[in-house]
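With the hints as constraints, model all of the structure from the sequences given.
Under the working numbering, the first residue of the sequence shown is numbered 92, with each subsequent residue one higher.
To be clear, the hints were calculated from the coordinates, so they are not data collected in a lab.
Positions of the beta carbon are idealized from the N, C-alpha and C atoms, including for glycine.
Among the hints, erroneous ones may be present.
Said to hold, decoys possible - Straight-line Cα separation of at most 27 Å, DSS-like style, residue types lysine-lysine; simulated pairs:
(1) K616 / K713
(2) K765 / K385
(3) K706 / K599
(4) K616 / K701
To be verified - If you anchor each label on the Cβ, the simulated ranges turn out as follows:
(5) N386 / I423: 34 to 42 Å
(6) I280 / R253: 25 to 33 Å
(7) S411 / L574: 26 to 34 Å
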Amino acid sequence: MKKVIHSWKVEFLISSRKIWIWIAFLLPFYPLYSIFINSITRFDPGRALTSSAFIFQAGIFIFLILGYEIVRREENSSSKEVFISLPNGITNKYLGKIMLIITYVIIFIVIALALLFVLFYLNRIPIDFYIDSAYYMVLYWGIPFLVAAFIGMNMGIFFNSRGVYIVLALLGLALGPLNIGIFDNISIILHTDLTNVSQFLNLGQTDPQTPYDPSYGLPMEKTRWLQKLWWLLLLITITIIHLFFNLKWKMILSTIMVLILVVSLAEILDQFSTIRATNHEKQSFAKYDMDYYKNYRHPAKNNDSINFKVNSYDIDLHVSSKINSVVKMNIIPGEKGNSLSFSLYHDFKIEKVIDEQQNELKFQQIGDSVTIMTPYIMNTNDPVIITINYEGTSSPYYFANEQAIMLPSYFTWYPVPGKIPSMKAESFYVTRYALYPSYKVKYNLHYTGSLTAYTNVNQLSSNEWEGVSDSGISLFAGPMKKLDIEGYTIVYPVSMFNMIDEVPKFIKQSNIILGNIQRDFGIEKITVPKEIFFASVPSESQLYSSNYWLMNNHMIVAINQMYNEGQLLDLQNEAIDSLLSSMLKETNSMNQNDEIKSIFISGYNYWYNKRFPSKHEYEQGKTPSLHYLLDYYSTTLENKKVAQVIKNIIELLDSKTNNQTVESFFRQWLLVLKQSKAMTFDHIQLMIEEMR
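Right, here's the structure in full:
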């Protein structure tokens, strides 16, 4: 061991005299500091790390060349013969080189972390980020840099040619985030999807352009660790076989190694479908669900037609890389029959359905629709116990794995009565139906997993919850915290440490707006529920703000990391749009024309601000969204009719000083939007004529 340490000291001394090594080693820290300080001062500590992906790309090139150079040093000076003649000389020499590489990697990471932690401390970043940052550096810098150095070393062992530098450059491109664009173009040329190949080769983040997701945290799933450790073990094994075994043993061990690595590689590639998908991945949330629901051939049916109710759910949920769930339901039939229809997200594959006597029942799962057939007639109001076992990968929009869980009640992560798809494809986006049972249901949830979880029902123990809800059951877990603020229970991502100070103002403003909406539409009193979840759930429309899901016993607010910069939660216009749109979540309203809904919401917002102008500096003097819609639809001839309707609405709202007339107009409009018959622009024009 002393000889190995001595060899390491000599290698370090020789390398420290190379100016190019110090330049290459220290140069990345200047842009790295700029990235860190720019993100942290904007209250986005997660982005400080994820934005460093291209510094990582430079590091890959540096360690590839460093590994190659330290091996070729003896070859070029003809000193290798001297070490070969010494007992274990060449082995000790190579072990010293490996220790040198590890030393450089450790120094690089320690300097980067020290710089990051100082900036964290000066900007009062929560302690949670210190630990996660260290893990992130090991995963995305430490292991990949070791892999790159081992590749360089093995290239130096087997090859001696200037052409090796070209090969190293190509390997550097393939092993870093730059490979995304390269493999995209190759896929187009070959008409073959090479996404999994590019993901496996890429030792950095799979999509470094994606903003930091506060509900998901830094992407460090088990699969990513396995992928990088696979590469490291492969290269260590190759190096050991070369250094320590003769030709016969090299052949035997190489064969065994290939068999083991092929089997493990297949498993790792399969696991890539369970990680959080981003824009450049095969199951990207930007295209996966959109492509599926564009071609969905099973129309939504109103829940009024459902002939049974679920009295209680007993959910045993295990979450690791996938979901494994056993759901026991107490069902009350509303009429005689031998079939039950449920909605369940299509990637949750049912394995078995049994009744109370443990008899297996026939079922049919097509898309998001599940039909269960019983061999006997179920009588009206006689309770029936049905248990469904299923497993699978959740929607890319609603992740559920060992790192984070975001399963809102309106998403069909558990079977709900009806034949309604989990989502509906619009022109450029997807929206979701409010599919949770709107009557009181008893829920018991037992969660098995490594995360601290939060739900909207009472907690019995660290992993069990029970309670009655008429808003379904939502489950959130991951980098989140719970806080009590003025009688409200707030669950929010730890990265939103600055936004949380705005929550009292947000609640106060929301209650004021809800009170005005309640009076304007003549509906029963609505207030902000006592439990609020802030999470990165997707918005429901690109035409208007729809960031709130307002339910009876809890509220879900869609946020992104930009909200941590401050003042976004108290924007009045966004709150009006989001609160009003939350009243249009049932099936009938969701099936209405989204353009008509956007004009309805923008029209009400316009009238609201005429009576209660926003006091927010950002919104004062800003052009109303209704005028934006008018300008947009006025640009094309085919939308001339729509533009005229909007113009007539503006004239009506500007001319009417009698609020009761305008109230009547919007009440009638809301009533029509909640009906099953599709509303048309002619209908709106007719209502306008009646109000004049």
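Hints versus structure:
The hinted pair formed by K616 and K713 fails the criterion: a straight-line CA distance of about 31 Å is larger than 27 Å. Of the pairs offered as hints, the one joining K765 and K385 holds, with about 24 Å between alpha carbons and a cut-off of 27 Å not exceeded. For the suggested pair K706 and K599, the alpha carbons sit about 14 Å apart, so the restraint of at most 27 Å is met. At roughly 23 Å between alpha-carbon atoms, K616 and K701 fall within 27 Å of each other, so this suggested pair holds.
Take N386 and I423: their Cβ atoms lie about 35 Å apart, and the range 34 to 42 Å holds. Between I280 and R253 the beta carbon distance is about 29 Å. The supplied range of 25 to 33 Å therefore holds. For the hinted restraint 26 to 34 Å between S411 and L574, the CB-CB distance of approximately 28 Å keeps it satisfied.
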